[in-house]
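Chains as they are written, first to last, in this note's numbering: chain A, -12 to 101; chain B, 37 to 154.
Everything labelled a hint here was simulated from the structure, so no lab data went into it.
Heads up, the beta-carbon is just placed ideally off N, CA and C, and yes, glycines get one too.
Check each hint, because a few of them may be wrong.
Unchecked claim - Among the chain B residues that face chain A by a calculated CB cut under 10 angstroms, a handful are: (1) V40; (2) Q42; (3) S43; (4) A56; (5) W58; (6) Y71; (7) P79; (8) A90; (9) D92; (10) F101; (11) K107; (12) K114; (13) P117; (14) G121; (15) F145.
As the list claims (entries may be wrong) - Cross-link-like lysine-lysine pairs, in silico, DSS-like; alpha carbons within 25 angstroms at most: (16) K107/B x K51/B; (17) K51/B x K88/A; (18) K36/A x K56/A; (19) K114/B x K88/A; (20) K98/B x K88/A; (21) K55/A x K36/A; (22) K88/A x K36/A; (23) K107/B x K52/B; (24) K56/A x K88/A.
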Amino acid sequence: AQSVTQLGSHVSVSEGALVLLRCNYSSSVPPYLFWYVQYPNQGLQLLLKYTTGATLVKGINGFEAEFKKSETSFHLTKPSAHMSDAAEYFCAVSFSGGYQKVTFGTGTKLQVIP
Amino acid sequence: EAGVVQSPRYKIIEKKQPVAFWCNPISGHNTLYWYRQNLGQGPELLIRYENEEAVDDSQLPKDRFSAERLKGVDSTLKIQPAELGDSAVYLCASSLQALTSGRINEQFFGPGTRLTVL
Chain A
-12 AQSVTQLGSH VSVSEGALVL LRCNYSSSVP PYLFWYVQYP NQGLQLLLKY
38 TTGATLVKGI NGFEAEFKKS ETSFHLTKPS AHMSDAAEYF CAVSFSGGYQ
88 KVTFGTGTKL QVIP
Chain B
37 EAGVVQSPRY KIIEKKQPVA FWCNPISGHN TLYWYRQNLG QGPELLIRYE
87 NEEAVDDSQL PKDRFSAERL KGVDSTLKIQ PAELGDSAVY LCASSLQALT
137 SGRINEQFFG PGTRLTVL
């Protein structure tokens, strides 16, 4: 069965510091990978997705993620954190070859310290 | 363009009472999803509709949960009777048809309904 593991339920960074949120997936077939952001009392918003092609994916708000098949990872990064980045981030996986449901990780809450 | 609309935003009920959630998807989106998000967890799919047809309801607890999407637009999710463990945020999402040319389409989420069962 498909699954994703997010390392660290809470991550704190200083404003201006690098943001690194970790995600590993398990899959026996080529995955589709996603990062979503959820602000308090709001629904999820897609940050970026990997389906095929270039393994470095750029998303909204300056975020990017790199698909590393050898490491089964899809870590999310941003060079410089802003206060507005404080939110919960979810990694998710689905598969190619017909519709497969999207499976979400347990989320990582990002705190940005002024 | 209006996003996915859900109501109510919050609901508090006593256990064994019924409750219903309503979702209006983005105009033109064929696919509608209901998710449940427990505290500290990611969303889990309950049911997926393609137009008015429920094509994946394998995770819907059918003894107490029901859903409908009449006319392939708005949808209602019902719980009857509610149990303490049903306390969660219920999220609705919509997308163009789930797959286009083999590519998965982006899901757009509503703000959710936070249910508290006492």
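Honestly, which of those hints from before does the structure not fit? 3, 4, 5, 8, 10, 11, 12, 13, 14, 16, 17 and 23
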